[in-house]
Each structure stands twice: as C-alpha cells, then as structure tokens.
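Here the protein sequences come in this chain order: H and V.
Oh and the first sequence: position 241 is 241 in the working numbering, straight run, nothing missing.
Oh and the second sequence: position 74 is 1074 in the working numbering, straight run, nothing missing.
Note that these hints are calculated values from the structure, not bench results.
Predicted model, so just to flag it, every value in this text is computed and none were measured.
All residues carry an ideal CB built from backbone N, CA and C; glycine is no exception.
Keep in mind that the hints are not guaranteed to be accurate.
[Claimed, not checked] Cβ-to-Cβ under 8 Å is the rule here; a few derived chain H residues that face chain V: (1) Val-147; (2) Glu-178; (3) Arg-181; (4) Gly-183; (5) Gln-184; (6) Met-185; (7) Leu-186; (8) Thr-190; (9) Leu-194; (10) Asp-198.
[As the list claims (entries may be wrong)] Straight-line distance between alpha carbons at most 20 Å, and here's what the computed SDA-like set of lysine to any residue pairs gives: (11) V:Lys-1059 / V:Ile-1045; (12) H:Lys-176 / V:Ile-1017; (13) H:Lys-176 / V:Ile-1045; (14) H:Lys-176 / V:Ser-1013; (15) H:Lys-176 / V:Glu-1016.
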Amino acid sequence: MAGTIITISSGKGGVGKTTTAANLSLALAMLGKRVICIDADIGLRNLDLMLGLENRIVYDIVNYIEGRCRLRQALVRDKRFPELFLLPAAQTRNKDAVGQEDMARVAHEAAELADYVIIDSPAGIEHGFRIAAKPANRVLIVTNPEVTAVRDADRVVGLLEAEGWAPAQLILNRLKPELIRRGQMLDPDTVVDLLAIDIIGIVPEDPNVLTASNQGQPVVLDDRSGAGAAFRDVARRLLGEEVPFTPIKSPSFLQKLFGSHG
Amino acid sequence: MKLWDIFRRRAPSNQEIAAQRLRLVLTHDRANITPGMLEMLKDEIIAVISKHLEIDAHKVQVNFTEDHRETRLVADIPLQPPRKKS
Chain H
1 MAGTIITISS GKGGVGKTTT AANLSLALAM LGKRVICIDA DIGLRNLDLM
51 LGLENRIVYD IVNYIEGRCR LRQALVRDKR FPELFLLPAA QTRNKDAVGQ
101 EDMARVAHEA AELADYVIID SPAGIEHGFR IAAKPANRVL IVTNPEVTAV
151 RDADRVVGLL EAEGWAPAQL ILNRLKPELI RRGQMLDPDT VVDLLAIDII
201 GIVPEDPNVL TASNQGQPVV LDDRSGAGAA FRDVARRLLG EEVPFTPIKS
251 PSFLQKLFGS HG
Chain V
1001 MKLWDIFRRR APSNQEIAAQ RLRLVLTHDR ANITPGMLEM LKDEIIAVIS
1051 KHLEIDAHKV QVNFTEDHRE TRLVADIPLQ PPRKKS
C-alpha cells in the first residue's frame, strides 16, 4: 500500500513551515515509520540545513526529474534514523524546473517507497505552492497567532477548498502562553474559530528551535523542549492516535486562588 | 448582570481587537468583496427596493454571516411605517 503524502504549507513565509516539515519527518521516523521528506522550495533549499544533512547531498530533485539519476540515488539517508530520507530541492534552478506533473510523479513514486512523504511547500499561493499541494492526501497549514499569518492561512484553506484538494488541518506555531494569558495574543480557540478548520498541533514559542536549527538537530530530538514535545504529539495524531492538547493558557493568579480554570 | 460584570466592562483587549479585525477581513476575503464595494451594493439594494416599497433607508443593514466557512449575505430592510391618511 502506498504511503500518505502530507504537504506542509502556510501562505505567509517565515511562520515555521520548514521547521515543521523537519520536525514532523523526524518525529515520524522516531515512531518507526519510513519517511521521505521532499524540499519543494526549488531555488531556496533549506530543509537539508534544518535536518543537518547539507553535506551529504549528491543529487537533487531536478536532477532526478531530468533523468540524470535514479530516485534512490537522489535520496539522502538521515544519519540518526536510517528510515528517514531527504529529497533535496535544487538550489541553483528556479521554480519552473519542476512542473505540476513532475512533482505529482515524484511524490507518488516516493509514496511507493515510504510510509509517509512530507512535502515542504514554498511560501505563497502561486505555482510552487500549487504543485506541492496538489498530490497531497493531507495538507497541514502552519500559521502564527498574528493577524497577517492567519489571514494568509485562510487564503490557503480557501484555495484548497476551491480546487477540491486534500483537506487542511492547522498547526498553530510560536504561541506565547504568557501573552495569551494577558490578552495580548490570539489564543488557539479564536484562531480555530476564525479559520473553521481542524487543529492538529499547538506549538509553543521555544528558543531551542533556533539553537536546534543552528546545529541541524531539530527540537524533536530534545526531550526537554516544549516545541519538540508538541511536534512529537502532532506525529502521533497523524498516525491516528488521540493525543490531548497540552493546555496553553496557564491559569491566572485569581483563577488559581478560586480554583477555576475556565 | 452581576456587579462584577460592571467592573469588568472595559475596552476590548488587544487579543479581542485582533480577533474582530480578522473576522471582518476574512469575511471580505472569502466573499471577494471590499468594504467599499459592500457599501455600494447596499446603496444599490436600497435603490432597487425603494422603487417598489417605502423603506427606512437609514436602518438598512447589509452584512455577511459565516457558518463553517459558508458565507451568506444577509440584508435587513425595515419598511417605513404606513402614514396615516389625512
């Protein structure tokens, strides 16, 4: 049976798409799944750096599409989890090097080899996003609790609906519980209500994410990281497990005093 | 209303302002209509209805409602109370 193709998208750039793709790929591999992650951001290759695999690349996705190598030759095997592979983006080519049918063919071939294919989509809602989203069985939309990011996420949800492509689920990234408690940041319930889609992940702001990307060791590998734990939860939910969400609103002083957590 | 609610009545929080602004902009994005176009639409609706009925143009409300990403245009058009014939 072919594996599941999951595309990570967002609309707005800089909300944590590649971080999410790297961490979910690793987290699924940690759960014993065979995973191929595809960097679909042609010309802006980054997933390799996030995963710490930048020095192992021989071929890239465009080399494969142009018939210069076999798929297995282009796949970079992870050094920590031998069941995790990266298909790198081309760095010196532009988006036109990969067409709609090319990406669909690569994704489906990868799905024959793996349990999960994770596609890291480029930002925006143009060609790059469309070719990454079309072959997906599921689309995860990453957003931040900021008005601009939520608005752009809504555009992606609308486009997926209009095209009749895979259903979208939400990953709310970089939440700051203290700001939410003080009424200064959009809370998960409000964002879910506004976007009217299912939520599959709530990831707190975590300075470890930066140090992790500096080292090429994603936060899911760190047991003490809050963001890492949240990404591990998302991976388990992807496998169909019921994983309760860690409450993000820390109770206020008054709520603690009166024992109410409403 | 409890006494506590009176004390709690305050300016909307930063979070609530963000939610309100988003709600409005998402509605317009989804329906692909700008706030200015909605005003024009309202004026045209008033003009059309006024040809046939006497309406209270100042109280006309034309708004979107949303239910699970399904958008609806809702117009509330009060009629002018019938005047007594002198």
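query = Can Gln-184 (chain H) be said to touch chain V, with a Cβ gap under 8 Å?
reply = holds (5 Å)
ask   = Was the hint right that Arg-181 (chain H) lines chain V, CB cutoff 8 Å?
value = violated (10 Å)
key: Restraint check for Lys-1059 (chain V) with Ile-1045 (chain V), where alpha carbons must lie at most 20 Å apart   = holds (13 Å)
request  = Mind checking the alpha carbons of Lys-176 (chain H) and Glu-1016 (chain V) for me, to see if they're no more than 20 Å apart?
outcome  = holds (16 Å)
Hinted pair Lys-176 (chain H) and Ile-1045 (chain V), Cα distance within 20 Å = violated (45 Å)
query = Hint check: is the beta carbon of Gly-183 (chain H) less than 8 Å from a beta carbon of chain V?
reply = holds (3 Å)
inquiry  = Tell me if the interface restraint on Asp-198 (chain H) is satisfied: Cβ within less than 8 Å of some Cβ in chain V.
reply    = violated (12 Å)
message = So, as I understand it, the hint says Thr-190 (chain H) touches chain V; can you test that by seeing if any CB pair is closer than 8 Å?
response = holds (5 Å)
query = Regarding the hint that Leu-186 (chain H) lies at the interface with chain V, is the smallest CB-CB distance below 8 Å?
reply = This hint holds: Leu-186 (chain H) lies near chain V, its Cβ roughly 5 Å from the closest one there, short of 8 Å.
query = Holds or violated: is there a CB of chain V closer than 8 Å to the CB of Leu-194 (chain H)?
reply = holds (5 Å)
query = Can Glu-178 (chain H) be said to touch chain V, with a Cβ gap under 8 Å?
reply = With Cβ-Cβ at 13 Å, over 8 Å, it is violated.
key: 20 Å limit on alpha-carbon distance, applied to hinted pair Lys-176 (chain H) and Ile-1017 (chain V)   = Holds, at about 18 Å.
Of the hints listed earlier, those the structure fails to meet are numbers 2, 3, 10 and 13, in rising order.
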